[in-house]
Amino acid sequence: MSNAITAGDTYVIGQSLFGSAARPKRKMLWNPDELNNGHVLVWGGSGAGKSVFLRDIIGYLRDRKKHVHVLDLHGDLHVEGENSMQFGTWDAPYGVNPFEFLRQYNAGPEQQTHEIVEMFRKTYMRSMGPLQEAVLRRLILDTYKLKGIMPRDMNTWGDKPGENLPVMEDMLYLIHNILEHGEGVDEEVEVGKQVMKLGEKLGKLNKEYLAMLAEQERMVDECANEEALQNKAAQLDKHKRKIDKARLDLQQRIEQYIEERFVLAVPQEPRNDNLAIDYKFYLERQAKSVVVKLRTYVDTLVNQGVFSATPPPVRAGLNRYDLSKMLPKAQIFFCDVLIGKVFRALQMRGEYMKLNDTGRGKRLDTYIVIDEAQKILPDKQADRDRPNLLINRIMSEARKYGLGLIVVTQSPSNFSHIMLANASQKIGFNTNANDIPAAKRLLGIQQDHLFEHAKRYGVAIVSDKQGYLSAQTRVPELIGIKMDDDGPAIGSAAEDEEIIPPPTPDDHAFGGPPELTVIEVQNQSRPAPQPAVAPRF
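In the numbering used here, the protein residues as written are 398 to 934.
These are calculated hints, taken from the structure and not from any lab test. Take the hints with a grain of salt, since some may be wrong.
Label pairs and their calculated CB-CB ranges [to be verified]:
#1 843 <-> 576: 57 to 63 Å
#2 646 <-> 625: 31 to 37 Å
#3 838 <-> 523: 37 to 43 Å
#4 480 <-> 686: 42 to 48 Å
#5 426 <-> 852: 21 to 27 Å
#6 577 <-> 549: 36 to 42 Å
#7 531 <-> 551: 22 to 28 Å
#8 473 <-> 507: 38 to 44 Å
#9 645 <-> 617: 37 to 43 Å
In silico lysine-lysine, DSSO-like type, Cα no more than 27 Å apart, as pairs [said to hold, decoys possible]:
#10 639 <-> 594
#11 772 <-> 852
#12 677 <-> 544
#13 837 <-> 422
#14 635 <-> 677
#15 629 <-> 639
#16 862 <-> 422
#17 604 <-> 629
#18 772 <-> 837
#19 604 <-> 544
#20 726 <-> 685
#21 772 <-> 722
#22 726 <-> 797
#23 862 <-> 777
#24 722 <-> 690
#25 635 <-> 594
#26 629 <-> 601
#27 598 <-> 642
#28 759 <-> 726
#29 772 <-> 690
#30 424 <-> 772
#31 601 <-> 544
#32 722 <-> 759
#33 604 <-> 637
#34 837 <-> 797
#35 604 <-> 594
#36 797 <-> 852
#37 862 <-> 852
#38 852 <-> 422
Bear in mind the structure is a predicted one, so any value in this text is a computation, not a measurement. In this text, a Cβ means the ideal position worked out from N, Cα and C, and glycines have one as well.
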């Protein structure tokens, strides 16, 4: 069982640091089933205690019988009773597939293509321009065509979720096929250039020969001596041999060009003979340079061995995805795929409050926990604030489907305004001094003393209905530091407590289309409260 302190079904984050007779100390409580949304934002520098706190709250969610998906980038969030899965090793037998999509009108491959484009934009192509986006988008849709899946023909989408879908290896195959075909086209172009050059050379030689003949006639008319006439005749003979050789070279090149242009230039079709891949689009010089770069990126993803059609062995309850063996950019890619996968599974299940069985919670039954989220979020604030960013969309829409997010970073500056507006609970441990000015602006805190108090190990800035307070969390006790019932003696000064109303959540922060994918969902009817069946991959 978890060591988490609870008050009934409520998790005790800690206790307010200061109090007085008029405003006594109070427990800082969190119950996701009593909130409009269960999203939690946690931040703190290295060594601030946030990982200890995170393991404790994961244990609480496990004991509440929630379905929990922990994205563990460092591999250090082990919690008792978990289902641990390692990714990024050479022998991993399972993975996730970015090409999964929902078989629904106005969705399908085109919607999922947009999601994959955004994954590349966050990782390998952060300065993606219109041409790069157009080439990548076309390449993804053509990868679907490799499996006979046409974007706007639902009859080609198959009958079962996950059936006959392409994987990353198929995209890499198509890239190689394009570039191999392009090499033949490049050779054809080169031969054409050689024909033109040889033609120009032959014309020059003929012009020179005519000039030499005119010179010979002039010498005859002027009765030049015999030796001079013999020398000129030898020069003409030598030049004529040059012309004959140039004419032969030109003839051979013309024959080669005709053969390659009209006989051998039949494109090698991909695996489906009925497909019509438009090679000309990719072989324009600028487009081809994009394909060459994409070959390196896709090859890297394929070599990670985690983007496959075999789903991971996810089970009901606590699941931890250990990504510590993966390359950083592949981690970002994986997280986006998995987060979207879980969210879309819940969308397919339906709105949570309309389900027949909500035995795992009144408002939600599923959590995604993202540790070290600064590694998977965009670097620039403008990019983090994009409404169509997957995590922003989920923060805005997830509560309707019974999903909560716990997002952990090193600085509050890593959060988007949409995330801050839609998270009911914010918990900040020690904040780097350089990040405090931006944190004050984002959180609406005017004074510095909340950040000063949070420099102490286990003390955090905690939001509640009244604002932001300094609170002593259980972190020190969890690692064996003895605490009094009232917490460590830090002081008692009610005037030091700052009440800052948190931002009001914006229910309409995002109005775009929901994330879509293909996930097979088990029957919603399940014994309450256990064993409730989670949507499976």
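Notebook entry, point to check: Against which earlier hints does the structure fall short, listed by number upward?
Noted result: 3, 6, 9, 14, 19, 22, 23, 28, 30, 31, 32, 34, 36
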